[in-house]
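Residue numbers (the working numbering), protein chains in the order written: chain F, 1 to 141; chain E, 1 to 141.
Keep in mind that the hints were calculated from the coordinates and are not lab data.
Fair warning: there could be bad hints in the mix.
Since the list can't tell identical chains apart, any single copy or any two copies may satisfy a pair.
SDA-like cross-link-like pairs, simulated, lysine to any residue; straight-line CA separation at most 20 Å [said to hold, decoys possible]: (1) Lys-44 <-> Asp-30; (2) Lys-108 <-> Asn-52; (3) Lys-58 <-> Lys-106; (4) Lys-126 <-> Ser-95; (5) Lys-2 <-> Ser-50; (6) Lys-108 <-> Gln-47; (7) Lys-126 <-> Tyr-115; (8) Lys-2 <-> Asn-29; (9) Lys-2 <-> Tyr-115; (10) Lys-106 <-> Thr-57; (11) Lys-61 <-> Asp-8; (12) Lys-61 <-> Ile-113; (13) Lys-44 <-> Ala-117; (14) Lys-36 <-> Ile-113; (15) Lys-108 <-> Glu-131; (16) Lys-108 <-> Glu-120; (17) Lys-2 <-> Ser-27; (18) Lys-2 <-> Ala-51; (19) Lys-36 <-> Ile-74; (20) Lys-44 <-> Asn-4; (21) Lys-36 <-> Ser-95; (22) Lys-44 <-> Glu-73.
Protein chains: 2
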Amino acid sequence: MKLNHFTDFSMRVLMYLNQKNDTPQSSLNDLANTFKISRNHLIKVVQFLSANQLILTKRGKNGGIMISERAKEICLGDLIHLLEQDDTPIVNCDSKPCIFQSHNCKLKSLFNIAYQAFIESLNQHKLSDIEFKTWSAIFQD
Amino acid sequence: MKLNHFTDFSMRVLMYLNQKNDTPQSSLNDLANTFKISRNHLIKVVQFLSANQLILTKRGKNGGIMISERAKEICLGDLIHLLEQDDTPIVNCDSKPCIFQSHNCKLKSLFNIAYQAFIESLNQHKLSDIEFKTWSAIFQD
């Protein structure tokens, strides 16, 4: 069981921006070079994070990308659920219709309860709880 | 966040065999026809379930596939963890080395704690708790 790649990478971008805070602001090139990924992939992530008010983007010479107050305050479980962009259950009973469908099968409901336990566990934390050395220390290694 | 297809399908095979119990025993063709999947895919699942004592297979004229006592007794969370065949964390910090690695990053540990909450929630149940009409009723629809 894995987070999808989009969620996994988005989390690392938010962690990086949260550490870096606004000194200095980051650029797409900065993020692309830091995480060694293509700008095209990065742009999709940045557009989603911006559309969901998790980052602030400012165009122009003094522009850049910053972490938002919302991203600092949102609980991690709610953040992961938002990034997953997926309200379908962990087990998929629909795409290939299951023979147990409409037979009072409790598989989906048991997994939904377990998923809530997963989210509630993460909701005890915020982005700032994922401590590590400051971003500057990372580049001093 | 999804279970992998192998786990998802293995669960449905076990649910089916648990309902059918041993009257009559199932065959590979029975399972392939019931779930509308290829024998090749099914054989991999059956071999794994048999190797892990979750089903019993008997060759010959009166042979077939049956649910095992272990499968009836194992807690669902432990069963899912076994089927996932994956001890790697939900976030993958290694395959593409993360810049936060070895910087006291708590992302992996927070997700491992949340995953344990997920497994413990499922461990309150067994296969028999996933109630639905008996297998015979399914084919009467």
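Status of each hint after checking the structure:
Proximity of Lys-44 to Asp-30 under the C-alpha cut-off of 20 Å is restricted to the intra-copy arrangement: shortest distance 16 Å within a copy versus 45 Å between copies. For the homomeric pair Lys-108 and Asn-52, neither the shortest alpha-carbon distance inside one copy (28 Å) nor that between copies (24 Å) is at most 20 Å. In this homomeric assembly, Lys-58 and Lys-106 never come within 20 Å of each other (Cα to Cα): the closest approach is 48 Å inside a single copy and 30 Å across copies. Neither within a single protomer nor between protomers do Lys-126 and Ser-95 lie at most 20 Å apart by alpha-carbon distance, with minima of 34 Å and 25 Å respectively.
In the homo-oligomer, the alpha carbons of Lys-2 and Ser-50 never lie at most 20 Å apart, since the shortest distance is 24 Å inside one protomer and 25 Å across protomers. With identical chains, the CA atoms of Lys-108 and Gln-47 are never at most 20 Å apart, being 32 Å at best within one copy and 25 Å at best between copies. In the homo-oligomer, the alpha carbons of Lys-126 and Tyr-115 lie at most 20 Å apart both inside one protomer (18 Å) and across protomers (17 Å), since each shortest distance falls under that limit. For a Cα distance limit of 20 Å, the shortest separation of Lys-2 from Asn-29 qualifies neither inside one copy, at 28 Å, nor across copies, at 32 Å.
Taking the shortest Cα distances, Lys-2 and Tyr-115 sit within 20 Å of each other both inside one copy (13 Å) and across copies (10 Å). Taking the shortest alpha-carbon separations for Lys-106 and Thr-57, neither the intra-copy value of 44 Å nor the inter-copy value of 27 Å comes in at or below 20 Å. For the identical chains of this complex, Lys-61 and Asp-8 are neighbours neither inside a copy (30 Å) nor across copies (51 Å), given an alpha-carbon limit of 20 Å. When the C-alpha separation of Lys-61 and Ile-113 is checked against a cutoff of 20 Å, the pair qualifies neither within a copy, at 49 Å, nor between copies, at 43 Å.
Within a single copy, Lys-44 and Ala-117 get their C-alpha atoms no closer than 30 Å, and across copies no closer than 31 Å, so neither meets the 20 Å cut-off. Taking identical chains as interchangeable, the C-alpha atoms of Lys-36 and Ile-113 are never at most 20 Å apart, the minima being 37 Å within one chain and 29 Å between chains. Taking the closest pair of Cα atoms, Lys-108 and Glu-131 come within 20 Å of each other only across two copies (11 Å); inside a single copy the shortest separation is 35 Å, beyond that limit. Taking identical chains as interchangeable, the C-alpha atoms of Lys-108 and Glu-120 lie at most 20 Å apart whether they share a chain (18 Å) or sit on different chains (16 Å).
Proximity of Lys-2 and Ser-27 under a CA criterion of 20 Å is satisfied in neither setting, with 29 Å inside one chain copy and 33 Å between copies. Within a single copy, Lys-2 and Ala-51 get their C-alpha atoms no closer than 24 Å, and across copies no closer than 25 Å, so neither meets the 20 Å cut-off. Taking the shortest Cα distances, Lys-36 and Ile-74 never come within 20 Å of each other, neither inside one copy (27 Å) nor across copies (43 Å). When the C-alpha separation of Lys-44 and Asn-4 is checked against a cutoff of 20 Å, the pair qualifies only within one copy, where the shortest distance is 14 Å, while the shortest distance between copies is 25 Å.
Proximity of Lys-36 and Ser-95 under a CA criterion of 20 Å is satisfied inter-copy only: 13 Å between copies versus 35 Å inside one chain copy. In this assembly of identical chains, the alpha carbons of Lys-44 and Glu-73 never lie at most 20 Å apart, being 23 Å within a copy and 46 Å across copies at closest.
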